[in-house]
Amino acid sequence: MGQRQPQPPYDAEILRGHGLTPAEYARVEALLGRAPTWPELGVFSVMWSEHCAYKSSRVHLKRLPTTGPQVVQGPGENAGAIDGGDGWAVVFKMESHNHPSFIEPYQGAATGVGGILRDVFTMGARPIALLNALRFGRPEHPKTPHLVSGVVAGIGGYGNCIGVPTVGGDVMFDASYDGNILVNAFALGVAPKDRIFLGVAEGVGNPVFYVGSKTGRDGIHGATMASEEFSEGSEEKRPTVQVGDPFTEKLLLEACLDVMAEDILVGVQDMGAAGLTSSSCEMASRAGSGLVLHLDRVPMREQGMVPYELLLSESQERMLMVCARGKEARLIELVSRWGLDVCQVGEVTETGRFVCTWDGETVVDVPVAALVDEAPVYDRPQSPAPPAACVEALPEPSSVGKALLDLLGRPTIASKRWVYEQYDHMVRTGTVVRPGAGDAAVVRLPQTRRGIALSVDCNGRYCKLDPFVGGALAVVESALNVACVGARPQAITDCLNFASPERPEVMWQFAQAIDGIAAACRALDAPVVSGNVSLYNETNGVGIHPTPMIGMVGLLEDASTAVGSAWPAGRSLVLLGGAMPAFGGSEYLLMQGHALAGPLPDLDLPAARALIDLLLAAHGAGLVEAAHDASEGGLAVAVAEGCIQGDVGARVDLGATALALFGEAIGRVVVATGDAEALLARAQAAGVPARRLGFTGGDRLTLAGTDAALPVQALRAAWEGAFPAVVEG
Amino acid sequence: MRVAVVSFPGSNCDDDCVRVVGEVLGRTAYKVWHADHDLQGPDLVILPGGFSYGDYLRCGAISAHAPIMADVADFARRGGAVLGICNGFQILTEAGLLPGALHRNAGLHFICRDVHLRVEGLATPFTAGLAGRVLKVPVAHHDGNYHADADTLARLEGDGQVVLRYCHPDGVVDAAANPNGSLGHIAGIASAAGNVVGMMPHPERCAEPLLGNTDGLAFFQAALQTLGG
Amino acid sequence: MKGKVTVRLKAGVLDVEGKAIEGALAKLGFNGVGAVRVGKVFEVELAETDPAAAKAALTAMAKGLLANPVMETFEVALEPG
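Protein chains in written order, with our numbering: chain A, 1 to 729; chain B, 1 to 229; chain C, 1 to 81.
A portion of the hints provided could be inaccurate.
Cut-off 16 Å, straight-line C-alpha distance, at most; resulting in silico cross-link-like pairs (EDC-like, lysine to aspartate or glutamate) [what the hints assert, rightly or not]: (1) C:LYS2 to C:ASP50; (2) C:LYS10 to A:GLU302; (3) C:LYS2 to C:GLU75; (4) C:LYS63 to C:GLU75; (5) A:LYS416 to A:GLU728; (6) C:LYS2 to C:GLU45; (7) C:LYS2 to C:GLU22; (8) A:LYS214 to C:GLU48; (9) A:LYS214 to C:GLU17; (10) C:LYS27 to B:ASP36; (11) B:LYS31 to B:ASP43.
Simulated from the structure, these hints should not be mistaken for laboratory data.
Based on the provided sequences and hints, a complete structural model is requested.
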């Protein structure tokens, strides 16, 4: 084989380098009845990693609701899918690329986008929308500007080039992400409902094809890296960075969709984290079959590559396809037209074993079940985090007007124009509600009148204070976003970002957040159809806030009825929803220099459900001309943002206390309507608290009972200016 | 009107152009493959936007050598109407069918947003009857900063070959309305004969009421009229 | 004094641009072309007159800004004049 490779017995350091505990390694030997070969050790290492095996999270994920009449494909496949109507399936998933993005922000974020797109088009769906949820450290942290610039450029660089619009997202800043940023990418595609492709290696004797870029030494052990916390110096030890090639992915996308338009494939799977190993093992596991791979046939980019490297490489833009026998020539013809490598590297077998050969010699021979079903599952110990301290009162601001301007200039609240203008959000001419124009993005369902609404959300501070409530509120908030544009929430994908599960407090946060998400999903009839877990987001023992990111998808019967969040002039503003605001976890609290503290606003799921139903009924009756939910920054910020977007003033009575103006609650929506009486009557009939706030018009925002009478221009300057200042100084 | 839209590897807006001509205007639009040598008798050829060959080397540089470009050049030489949008504009300059070059935006970022355009200059198949109009059309590019040497620029200006300029909603042209640092605030130019036009903004992205703006239709309707329905 | 910093992708890092150019060269009939790797050259004018100090400065510039140590390597050289 040219290179010397380690032989068993393996020392403790090698095992640690492969992320295997002594007990886990003992189990590997027991399952095999012998010591693993060097490539087998690599295979176990990635298949039993947290990233692939969900070993700490699996027992909890089972508690999430995953079924419903709208669900076409639940968790466990490359992506989830719901019924979009008119014969279409809407396929979507969100995934993290946190660690790689911290190390190399441009490529880390770019390959995150590439990976999530492949998950979607692997299902036979043409991707039509991208979103992303980003969490950065304090704006003033020396690394933050570099990370923000790099991540945004990387997301844009990939999405723009491949021609999928990035239509929305969410960016927040908090010190807890100083050493561990979060880059969660969401992709959505559409496919004919009866032509969804699954990752199964079925049919003994069917040929297995490798399609796409050649394999290099990129990111070897990326999957195990994503499962270990950072320590000082890990920047030096990093594996070769994966480089995204959106041009090749564009070719791969078109080639796959060409192939999938014909009856050629039995199954297909993207080679994502853990590359060839996990794609082949997962496909064999789902089908209950075996696979043999002839590794020497894999297209290689570099000289002298060995089986271990080929099995573990995370080179991007590659697919594994199981072809129906007799269709090989057509597969090769269709893929070759796009100038991509395509070659048969193996066959489906009935052995139930994952076998790899190299020049005829067997180098891996492992039961698929040992890699997938026998992967360790831990119900790790939990211990509740001590309850957070609470603030009951904060000093009233000396000037409400100044406090409002300061809040609008907080980077978490400020306009994200600097970000989304670097993303092509219009390509494919389907973007009905653009980023920044509404609470959720809306794209049309191609060839129909229907619309798809999308939103990503999670407030990690709420989750830190109470992971159950925070998890539930993330679902509620994303559902409200979708309902604000006029769409009925349908289903979610989640991306669960947490610190080390080996700390009982973190494990407790995880379990609590799952239960909160599950409760909210049940209350809103929005099950989980896909998701991803990212653990070990901590550096030197300091973890991130628990951040279970929620990606919500909703549907509109008629995309042209979607509304934004810009106030029209001469309308009434009405507040729907009676959630009581609190200072806990609020931007106002932090702006006072206060440490993070409670209390959180109450969670009332039936009330949230009633509010969403009311909003949609009012929208259907034409009573909603614009809607914006009050979240970070509270009610005053929500009203001000609608003024800025609509370029119109307003005269409103929100109450005069800091709590009423700037306290936060999830479960309040401000609606601009031409018929406030009718809207209030509907609210009363539905049992949803509602009140008239005032009217829009003029060029100033006046808050009754306070000193605030601010020109919209001043509001805009504060809101638009803050983000560029963070990044460009 | 028969419209050929050329698909290069990495073209992203080919489907969007076909959609506007085919579904919005109800005319015939079809894609032709970069590696072929047959334009299939079009009245108009569109080189669409996107990232052909990933924008690697220089935007449009590799596509300019595609087999189909010889046919596009022939078609243009015989007076055929050719419109290059965004990456299509870059390909036309790299292929020598339009003068100048498109450099990295002055702000160095990719920019996706609505801009306003003032239509002026000689009457081309895409701007006939539109002179003096101000249209709102989105841009989405990283390399739209038009550059040409002083002589070329003077000739373009003198002969009315500058057909689109970035402006404010009221039609005033100045640096503040220019998104990318383009010389002369140029957003689009025409060949001397006027039949070949390149523009950075995307008219196909604003040609349907659902998308909230139909200003882009004006360019396609002008082509319909000029090229005979 | 004039310095030159050449920045290249590290061996093993996929050069997506080089790969696309490779394919284009083959299509244009340039046969026998192996791998193409794309790099950058920075020509830097320096007030420094001591060659050793100039080289050290260029190295610092390369490490601090011109090259991304995560994926690139660099060489520095001095040119007469």
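Agreement of LYS416 of chain A and GLU728 of chain A with the hint, judged by alpha carbon distance not exceeding 16 Å: Satisfied, since the Cα-Cα distance of roughly 14 Å is no more than 16 Å.
Distance restraint between LYS63 of chain C and GLU75 of chain C, which requires alpha-carbon spacing of 16 Å or less: holds (11 Å)
Satisfaction of hint between GLU302 of chain A and LYS10 of chain C, Cα-Cα up to 16 Å: Judged against 16 Å, a Cα distance of about 13 Å means the pair holds.
Hint consistency between LYS2 of chain C and GLU45 of chain C [alpha-carbon to alpha-carbon, up to 16 Å]: The hint holds at about 5 Å.
Hint consistency between LYS2 of chain C and GLU22 of chain C [alpha-carbon to alpha-carbon, up to 16 Å]: violated (32 Å)
16 Å limit on alpha-carbon distance, applied to hinted pair LYS214 of chain A and GLU48 of chain C: Since the Cα atoms of LYS214 of chain A and GLU48 of chain C sit roughly 46 Å apart, the hinted pair is violated (cutoff 16 Å).
16 Å Cα cutoff - pair LYS27 of chain C, ASP36 of chain B: With a Cα-Cα distance of about 13 Å, the restraint between LYS27 of chain C and ASP36 of chain B holds, given a limit of 16 Å.
Satisfaction of hint between GLU17 of chain C and LYS214 of chain A, Cα-Cα up to 16 Å: holds (14 Å)
Given hint ASP50 of chain C paired with LYS2 of chain C - CA-CA distance at most 16 Å: Status holds; Cα separation ~11 Å.
Hinted pair LYS31 of chain B and ASP43 of chain B, Cα distance within 16 Å: holds (14 Å)
Distance restraint between LYS2 of chain C and GLU75 of chain C, which requires alpha-carbon spacing of 16 Å or less: holds (14 Å)
The structure fails hints 7, 8 (numbered hints given earlier, in ascending order).
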